[in-house]
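**Q** Model the full structure from these sequences, guided by the hints.
So the chains spell out like this:
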Amino acid sequence: AQRVTQPEKLLSVFKGAPVELKCNYSYSGSPELFWYVQYSRQRLQLLLRHISRESIKGFTADLNKGETSFHLKKPFAQEEDSAMYYCALRWDGDDKIIFGKGTRLHILP
Amino acid sequence: DAGVTQSPTHLIKTRGQQVTLRCSPKSGHDTVSWYQQALGQGPQFIFQYYEEEERQRGNFPDRFSGHQFPNYSSELNVNALLLGDSALYLCASSSLGELFFGEGSRLTVL
Chain A
1139 AQRVTQPEKL LSVFKGAPVE LKCNYSYSGS PELFWYVQYS RQRLQLLLRH ISRESIKGFT
1199 ADLNKGETSF HLKKPFAQEE DSAMYYCALR WDGDDKIIFG KGTRLHILP
Chain B
134 DAGVTQSPTH LIKTRGQQVT LRCSPKSGHD TVSWYQQALG QGPQFIFQYY EEEERQRGNF
194 PDRFSGHQFP NYSSELNVNA LLLGDSALYL CASSSLGELF FGEGSRLTVL
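So the sequence lines, in the order shown, correspond to chains A and B. The opening position of the first sequence corresponds to residue 1139 in the numbering used here, with each subsequent residue numbered one higher. The opening position of the second sequence corresponds to residue 134 in the numbering used here, with each subsequent residue numbered one higher.
If you are wondering where the hints come from, they were derived from the structure by calculation, not from laboratory data. Any given hint might turn out to be false.
In silico lysine to aspartate or glutamate, DMTMM-like type, Cα no more than 25 angstroms apart, as pairs [claimed, not checked]:
1) A:K1153 with B:D195
2) A:K1234 with B:E184
3) A:K1234 with B:D195
4) A:K1234 with B:D163
Note that the structure is a prediction, hence the values are computed from the model and not measured.
**A** So, in structure tokens, the structure goes:
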């Protein structure tokens, strides 16, 4: 079954330190991968998707098909990055998007 | 544009009752998806509606049903409520593969 795994429930990082949120998926085809973010008291929203290859708010994510991973990275954490982050996947030929369980990122001052 | 709007925001039901949740998609969006998010979990896909038809369905029992209206708004119905149905129910409309979420309806089943 297609699955998205985020191994860390909570990640605490000092301000200014690098951030890496891990995401692995199990799917043999060509998935489309996303990162969604939920800031405190806000709704869930798209942060970035692998096909756009953009850097959003300093975050990047590279799809590694060999390792079936889509880790989210940022070189220097900021306090406003504290949020809940969800990795999500849509497999080719399908419309539904499935989500991982999420990682809470806590930026320490 | 108010974005995706959901109602009610909170509700409490007892076991065995039925509930209807409502969703209005973002302007211009014709596809609506429903997700269940239990505490501490990621959103779980329930089903998706497009052109008033259920296009896809996740691993949820038939007690969960839905509807989409000609104006693209949607309803989620849950019959014979169980304690385990307590969760945040999220509606999302989509355009070009991106999901736009509402703030959710928090259902508590006692």
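**Q** Does the structure break any of the earlier hints, and which numbers would those be?
**A** 1
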